[in-house]
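First to last, the protein sequences are chains A and B. Its first residue numbered 1, the first sequence is counted upward by one per residue in the numbering used here. Its first residue numbered 1001, the second sequence is counted upward by one per residue in the numbering used here.
Any given hint could be a false lead.
Covered stretches of chain A, as calculated for chain B (at least 3 residues, CB under 8 Å) [stated by the list, open to error]:
#1 121-133
#2 140-147
#3 240-252
Read the hints as simulated data drawn from the structure, not as lab findings. Every residue, glycine too, gets a C-beta built ideally from N, C-alpha and C.
Residue strings, one per chain:
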Amino acid sequence: MRSVAIIGIGITDFGLQPEGIVSLGVAACRAALVDSGVGPERVDAFFLGNFAGHAFTGQNHLAPMIAHAAGLGPVPCTRVEGACASGGLAMRQGVLAVASGAADFVLVGGAEKMTSVGTSKTAEILAAAGDWETEGVRGATFPALFALMARRHMHEFGTTREDLAGVAVKNHAHGALNPGAHFREEITVKEVLEARPVAGLLGLLDCSPISDGAAAVVLCPSEMAADLHAAPVGVLASAQASGPPTLSASRDITCLRATVRAAEEAFREAGLQPEDIDMAEVHDCFTIAEILALEDIGFYPRGEGGRAAREGKTALGGAMPVNTSGGLKAKGHPVGATGVAQICEIALQLRGEAGARQVPGAEIGLAHNLGGSGATCAVHILGMCT
Amino acid sequence: MMAGGVTVYVCEACTRIQFEEQESCGVCGSALAEKIISGRGSVYSFTKVHIAPGEMEAPYLLAMVELEGAGRLLARLEGADFVAVDDSIVFEGTSRLGPCFRLERITEKFHG
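The following block holds chain A by itself, in its conformation from the complex (with noise of 0.2 Å):
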């Protein structure tokens, strides 16, 4: 298998965008090329990944849509879905394509329009990524079934709703510092609290917003790399598991499988630990998500993570910050994008064109996209090309 590369990043504001999922695609993958100094006609083939285009927009088969607009060849084009872990997968599906020699140069996107529908059709819409018969029709939206996750890890290890509260406070703090995303004011814990609520401890400011937005890297072959850029950053790993798709399947609902088994999968092939990673951008869709995903990478012990933000271990400035873009709780959550939107943070963090929120001196970084309320998982880790 080959070493692959990046050597281009584009990326669309986050948030209400007034342009259609085709427009806001094309833009990510554009300012992606032009970045790589790679032209549409050299790109062999194309990834997007993107949830749930016809049920938000109406339309399907964006895949060729997006890249005939943007101009490239008549190359493979593949829409990819893994629900919000599906940029991930399509970022894991251009890495493969490359590693293997099937091909040369892979552009990968991820896009989703969410803002088309209220707020009560996208719960439904974001409901059908779990199981429809056990869990759907039960009214387990997403923010109940993360909810449940909280309430279980609060009973069992003592983590506190200020522990959640804490996690969105600080990605707001990251957000303020990202001119591309949704959310742009910082808050306080107190708000949080506050907030209109939206299922058991989680409210409205727990969760990630319904957000418009694109994404897109250009994958190479690392050896051509560093003659077509003058800051690749390496693919060290990319991992992929799955989980049980439902909570009542899952034997401990504070601990999501896949993630465990991605990250240990990612760790093996990069061969790194944990202390290695100097930032990282996790699934936090709803706070508690957060706190879950550092322990099931193997950041903090298990039933520890709630005092990560509390102590100011993942904040900016600290011991290894995460979610500098703000994550999806600031960045924004376009559920298509966020994978592939993690991967351009973390490559231009590595670049050290990061501006307000840059890491000093950051290496290595890790990337935990999560589908579902654990069935799926994503796990990539960076690091500059040498």
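Position chain B relative to chain A; hints supplied.
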């Protein structure tokens, strides 16, 4: 709840608990094991849902319940505003919203 217990059908492959008799698991197609259980159990976790999907009416209580002799499932809890982890629950019946449970302490009070 009927005296003598509740009949459930537990999928031998995916562990789903069904309350209606079927030839095979409605989701994964595997064989079902018929079991008669007490219908009693306890709350493993819970949440009050304030924003409902689609046309459903909120708020409502959802719980992960641990059923004696059958395993865990997600279901509506009716007739209670407040609940805690480990509270005892009892099977009430099924509807288009799936199986439904009540807190046992309230059931006992209701029956005097």
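Verification of the supplied hints:
no., hint, in the structure
1, 121-133, "holds (count 6)"
2, 140-147, "holds (count 5)"
3, 240-252, "holds (count 4)"
Hint compliance for this structure: every hint is met.
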